[in-house]
Structures are given as C-alpha cells and as structure tokens.
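Colleague: What follows is the residue order along each chain.
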Amino acid sequence: MDAAAGVPTAADAHIATCVRCRADLAAITGTREVLAQVRPVEAPALDLRIHQAPAWGWLRMAAVAAGFLLLVVALAGVEVSTTPEGTTVRIGLIKPPISNVPSAALPETRVDTVYVTQPDMVPMDEVKRMQDQQLRAFAGIVNDYAATVEGRRAVDYELIQYEIEQLRLRTDDRLYQTNLVMYQLLNNLTYVPQTSDKP
Amino acid sequence: MTDPELIYATRGGDERAFGRLVERWRGPVYNLALRLLADTDAAADVTQRTFIKVHQKLADLKAVEGFTVWVLQIARNQCLDELKRVKRHRLRAVPLEDRHDLAGTDSADQAVGQALLSDRIQAALQRIPAEQREVVVMKELQQLSFPEIAAVLTIPVNTAKSRCFYGLKALHAVLMSDPAYATIRHEYLS
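Keeping their order, the protein sequence lines are chains A and B. Residue numbers for the first sequence follow this note's numbering, so the first one is 1 and each next one is one higher. Residue numbers for the second sequence follow this note's numbering, so the first one is 1 and each next one is one higher.
One or more hints might be untrue.
Said to hold, decoys possible - In the SDA-like style, the derived pairs of lysine to any residue whose C-alpha atoms are separated by at most 25 Å in a straight line are:
| no. | chain 1 | residue 1 | chain 2 | residue 2 |
| --- | --- | --- | --- | --- |
| 1 | B | Lys-53 | A | Leu-46 |
| 2 | B | Lys-161 | A | Thr-9 |
| 3 | B | Lys-161 | A | Ala-26 |
| 4 | B | Lys-84 | A | Ala-10 |
| 5 | B | Lys-169 | A | Arg-32 |
| 6 | B | Lys-161 | A | Gly-30 |
| 7 | B | Lys-161 | A | Arg-22 |
| 8 | B | Lys-169 | A | Thr-29 |
| 9 | B | Lys-84 | A | Ala-62 |
| 10 | B | Lys-161 | A | Glu-33 |
| 11 | B | Lys-161 | A | Pro-40 |
| 12 | B | Lys-161 | A | Leu-25 |
| 13 | B | Lys-161 | A | Leu-46 |
| 14 | B | Lys-169 | A | Asp-47 |
| 15 | B | Lys-53 | A | Pro-44 |
| 16 | B | Lys-161 | A | Ala-13 |
| 17 | B | Lys-161 | A | Pro-44 |
| 18 | B | Lys-169 | A | Ala-13 |
| 19 | B | Lys-169 | A | Asp-24 |
| 20 | B | Lys-161 | A | His-14 |
| 21 | B | Lys-169 | A | Thr-9 |
| 22 | B | Lys-62 | A | Cys-18 |
| 23 | B | Lys-169 | A | Pro-44 |
| 24 | B | Lys-57 | A | Leu-25 |
| 25 | B | Lys-169 | A | Leu-25 |
| 26 | B | Lys-161 | A | Thr-171 |
| 27 | B | Lys-161 | A | Arg-60 |
| 28 | B | Lys-84 | A | Pro-44 |
| 29 | B | Lys-169 | A | Cys-18 |
| 30 | B | Lys-169 | A | Leu-46 |
| 31 | B | Lys-161 | A | Arg-20 |
| 32 | B | Lys-53 | A | Pro-40 |
| 33 | B | Lys-84 | A | Asp-47 |
| 34 | B | Lys-161 | A | Asp-47 |
| 35 | B | Lys-169 | A | Arg-20 |
| 36 | B | Lys-169 | A | Asp-12 |
Read the hints as simulated data drawn from the structure, not as lab findings.
Work the whole structure out from these sequences, hints included.
Modeller: Pasting the structure below:
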C-alpha cells in the first residue's frame, strides 16, 4: 500500500492474489511485532583502563629466547676452531661447512672426530713442553714490547729536554734584550726636579 | 554534542569526551554483542574490547560522520573473534536474574512474560544462520537502516534486505515450532 497516496501498489495487488506471499508477509509482520517487544538490555559499566605490558615482560622474553638459543647451541655441539686458513664453526649435527682441507680428511660427524683423534693423543710431558715453549714465546713478545716502549720513552725524554733548553735560551735572550733596552732608556733619562721634591 | 564533535574533542586529548562517546554507544554495542553471542559475560568483554579498540584507532578514522557504522563494524568483528575463540555451538541463554530489559512493563506478570519471551527469541535467534541473524538483529533490534547494515557488513543493500527477509521467515518458523513460545504468548501476553 502506498501510504502517501493511499492507493494499492502492484505489490499489494500481487499479495491479494498470491497465498504464499500473503503467508510470508504475515509471518514477517508477526515476527517483527514480536521483536519489537524486546527491549534493549542495559549495558554493564566498562573498565576502559588500557593495560600496557610492563617493560620487564620484554626482558623476560629476551632472557627466555637467549636461554633457548644457548640450549640449541649446546645440543648442536658447536665447535669453533681457528686455523691459518681462517676460523671454522663446526656443528656436530651437520657436516663441516667450509674448509680448505680436502673433504676426505675431515670426519663426517662428531663421533668420527672422537674416533680419529683418540689414538693420536699427545703425551703429558710433550704437552708440558709445548706449554713451556708457548709461555717462553709469550714472555719474549712481552719483553720485546717493553723494550720498544722503553726506547720510545727515552727518545721522548731527550726531545723534551731539548725543547726545554731551547725555551730557556729563548727566554734568556729576551730577558737580556729587555734589560738592555731598559738600561738604554735609563741612561737617556734626564732628571727634572719637581716642586714637591723641595725640602 | 554530536558524535563528530566528541570525536574531535577526544582527538584533542579530552578524555571526558571519549567517556561521553562510550556512554552513548555502549548500549547499542552491548546489545548487538549480546544478541549475536547470547552470553552476558562475553558481550561485556566484547563491549570493553570494542571501546579499547575505538580509543586506539580513533585517530585513524577519516570520515567521522561514519562513526556509527565504524563502531558497529568493530563490535561485530570482535564478536566474530569471540565466536571463533570459544567455538560456541551450543545455545547459552541469558540468565533471568541478569536481565535489565524489564523496565517500562505494566505488571509483574507482563514483566515475567516479557523476560521469558525475550529468552525464547534469543534462543530462536541462535538457531537461524549467523549471516541472517546479524542482519535481523541490526534491523529489528538496533533499528539500523539497510544502507547502514550494508555498510557495516560490507555487502550490497539488496543482499542485506534479502538476508533480513529470509532471517525473519526462518525466525518465525523456529518460534512457531517452539511450544514454550506459544505458551508464553498465550499465558502472559495475550
């Protein structure tokens, strides 16, 4: 029904003749009337304080992540070795990554490493001898370094002495010149008695 | 003050303006959530999360005139998240003691009848398809227009009308098959 004009529309004409559409319309109208009886529910009070995660939460997460990483590294059996060819990081669970040594010479796994190295272990006295040799080499390096430093200090001392002497000479010279000028000035001065000087 | 004025005031740092905005919209948001989730606690949580989201994103809202659609979109998305989270398949009726929709009734009988009727409608709403339910709730309980519903759901207006028609028809069928509904209508509201 066109309410404004008060005349039946084409839809009204169809509904008047179609039983099915008339039933649908009645169902929808009835349901809408029922829904209209439902009143809105009063909303509860809200707590809108926005909670922010404390800063130490990130630290805790970082600590857990670092711990996990250490665990993984420990389980993986990471092995770092330095050779003249460079530094090699070897992980027990995988093959050695990069090496200049022919692959046949490298063990496939960590277990192989143990198997290969055990029979060739160095005796203890040989180890001590090598350690002493290393200590002596280290001491030699330290002594050489100390001698170099001492030599540099001696050179620096001589340079400083020289600079001081030069400075003193320049100062004496200026002092001498100043004295000379003063002396000449005094010689050229003529004394003019003042009235206040009279007894 | 209008919604856009309150939004501009909030953006300028006036928290009281935001409080007024919340006071104005918490009812519609809560009722939408309650009808879609059929759970008072979940509806309260969704309402709270909705306004926290609104507060966080208010600076990004370009068309402040579209605040109604925007806030209901956020509320609906929060409801969908809640439904996914809980995987709620079974109906959970709103407890009678928690009901606040009895105001304005003439007599105790009528109040009880209306509360029971609301429960049956709530139960029936949960038994129709979700996409029809949200359109019926927005149209018949939230009094939104079809263009607004279409904007909230990002669907064509005709699709919204179609879902509303089939939703009302399905709701009628569910109510007619509910013996408790017929009894309540007969005993309390006739």
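Colleague: Would you pick out the hints that fail for this structure and give their numbers low to high?
Modeller: Numbers 4, 9, 13, 14, 17, 22, 23, 24, 26, 27, 30 and 34 - these are the hints that the structure violates, sorted from lowest upward.
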